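**Q** Counting in the working numbering, the sequence shown runs from 390 upward without gaps.
Simulated from the structure, these hints should not be mistaken for laboratory data.
Any given hint could be a false lead.
What the hints assert, rightly or not - List of simulated lysine-lysine pairs, PhoX-like, C-alpha gap at most 20 Å:
1. K634 with K579
2. K603 with K617
3. K507 with K603
4. K662 with K579
5. K684 with K634
6. K634 with K617
7. K634 with K419
8. K416 with K603
9. K576 with K620
10. K416 with K581
11. K617 with K684
12. K620 with K581
13. K507 with K450
14. K579 with K603
15. K603 with K631
16. K576 with K617
Said to hold, decoys possible - Ranges of calculated distance between the beta carbons of each label pair, as one might list FRET restraints:
17. K453 with G596: 42 to 52 Å
18. D393 with L413: 20 to 30 Å
19. E686 with E580: 25 to 35 Å
20. T685 with D510: 39 to 49 Å
21. K662 with E580: 18 to 28 Å
Just so it is clear, the structure is predicted and the values come from calculations on it, not from any experiment.
Virtual Cβ for every residue (Gly too), placed ideally from N, Cα, C.
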Amino acid sequence: MSRDLHVFEDSIDLLEGMWPTPLLRLKIGKNVWGKLEFYNPFSHSIKDRTAYFLFKEAVKKEAKSLVEATSGNTGIALASMAASHGIAFTMFVPSTASRVYPFLAQLLGAEVFSAGDKTVDLIPLVKQYAAIANALNLDQFNNPVNVLAHYNTTAREIDEQLSSQGLRPERVIATMGTGGHLAGISKYFKEKYGDHIEVIGVQPAEGSRIPGLKRQDFSNNSLLSMAKIDKVLDITLEEAVKGVKLIARSTGILIGISAGATVSAFEKVNDEKATVLIFPDDAFKYIETLEQILKTEDNNR
């Protein structure tokens, strides 16, 4: 194996060998950077990190069968790792999820069940299934390993990457689904720099649905209880898509819709602070949604 030349013995080495993921200076402000998490190889998303740390737990416990509730990317990453280790994986997805995710999971050999409107609605079903099938539920929604994954990798990478440019982060903007990556990043930077760094969480505006994100009940999210968030901004789906377009047409990079939400959030606070936007994934899983929004915009002109 030669990581410098990107030659790897197996797919887990490939994952670790792609870290740190790139940090790209963006053209939407004076000192703005995008953390390109779609360079992770399994799900092409930040969820590879969460899945990897959860999966290491499963391997330590010698689990033979895994089950998880997921809206998509975590499931793809877990299905990939399970396939590479000969471990059975069952994925529960909400019926509202893109058909891309069940298809890819099945391609990887996972068993897929679709039910409910929201991922959190599936948690009781998953727990019931785990008990009956003697499967390990990794529970990304409540497992603190989800937070530690980003504390130990994502945040540390950002810190080291900016330091190499003679900079220190003054603001981080990240979206919230399970809350894991925002919590881990917040915990790391608040411990190191205190209130010299501002942490902004992004959630869908009321009545709006953005893939992978959800409006937060902060009193009922054990992962976000580990974070210190300075501000929460609400973003509509349409605003998120505008963020996707802005980055596409200024840098030539096709970011995902949740990444577009961080761009639109930055537009609301735009100043000269050294700001890092977390781009969880790219645009390719969301072609149908993007096409629909863009067609609507064209029709309204």
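**Q** For every hint, state whether the structure bears it out.
**A** Here's how the hints hold up against the structure:
no., hint, in the structure
1, K634 with K579, "violated, 32 Å"
2, K603 with K617, "holds, 18 Å"
3, K507 with K603, "holds, 9 Å"
4, K662 with K579, "holds, 16 Å"
5, K684 with K634, "holds, 13 Å"
6, K634 with K617, "violated, 30 Å"
7, K634 with K419, "holds, 19 Å"
8, K416 with K603, "violated, 28 Å"
9, K576 with K620, "holds, 15 Å"
10, K416 with K581, "violated, 28 Å"
11, K617 with K684, "violated, 39 Å"
12, K620 with K581, "holds, 19 Å"
13, K507 with K450, "violated, 29 Å"
14, K579 with K603, "violated, 24 Å"
15, K603 with K631, "holds, 19 Å"
16, K576 with K617, "holds, 7 Å"
17, K453 with G596: 42 to 52 Å, "holds, 43 Å"
18, D393 with L413: 20 to 30 Å, "holds, 21 Å"
19, E686 with E580: 25 to 35 Å, "violated, 43 Å"
20, T685 with D510: 39 to 49 Å, "violated, 28 Å"
21, K662 with E580: 18 to 28 Å, "holds, 20 Å"
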